[in-house]
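Engineer: Sequence:
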Amino acid sequence: MTMTTTTETNGSREFVKQSSLYQEFLAEREEILKHKWIESERLGYDIGFERALLDWIRKHRDSWRAARRAQLSTSPAGTQAVPFVKK
Numbered sequence: 001m002t003m004t005t006t007t008e009t010n011g012s013r014e015f016v017k018q019s020s021l022y023q024e025f026l027a028e029r030e031e032i033l034k035h036k037w038i039e040s041e042r043l044g045y046d047i048g049f050e051r052a053l054l055d056w057i058r059k060h061r062d063s064w065r066a067a068r069r070a071q072l073s074t075s076p077a078g079t080q081a082v083p084f085v086k087k
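Heads up: the sequence shown is residues 1 to 87, going by the numbering used here.
Take the hints with a grain of salt, since some may be wrong.
To be verified - Computed cross-link-like contacts, DSBU-like style, restricted to lysine-lysine with a CA-CA straight-line distance of at most 30 Å: (1) K17 to K59; (2) K17 to K34; (3) K36 to K59; (4) K59 to K34; (5) K17 to K36.
These aren't lab readings, by the way, just hints derived from the structure by calculation.
Since the model is a prediction, treat every value here as computed from it, not as a measurement.
Construct all of the structure, not just a fragment, from the sequences and the given hints.
Structural biologist: Printed below as a string of structure tokens:
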């Protein structure tokens, strides 16, 4: 890899990390992982990411997104507040 290619790659990675779409993905993933932990503890075994994902989407995604949109629209510019959604 040349120095230019490495610099372009690093620049692309930074762009992705700063994108709002990527930030939303990370926030949603964190909520799914919390849901996985809570449900696994409740049931007494690891339910796995796929089951947690589908269960969280079905039960919580719409309300979480609405709460997040409301929170982000009222937070000061440049900050990202993450709402707490009771499971």
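Engineer: Each hint: holds or not?
Structural biologist: Hints and how they fare:
1. This hinted pair checks out: K17 and K59 have alpha carbons roughly 28 Å apart, not beyond 30 Å.
2. Pair hint K17 plus K34 holds up; C-alpha atoms about 22 Å apart against a cutoff of 30 Å.
3. Proposed proximity of K36 and K59 is supported: the alpha carbons are some 13 Å apart, at most 30 Å.
4. With a C-alpha separation of about 14 Å, the suggested pair K59 and K34 falls inside the 30 Å cut-off, and the hint holds.
5. With a CA separation close to 24 Å, the supplied pair K17 and K36 stays within the 30 Å bound.
Consistency with the previously given hints is maintained throughout, with no hint failing.
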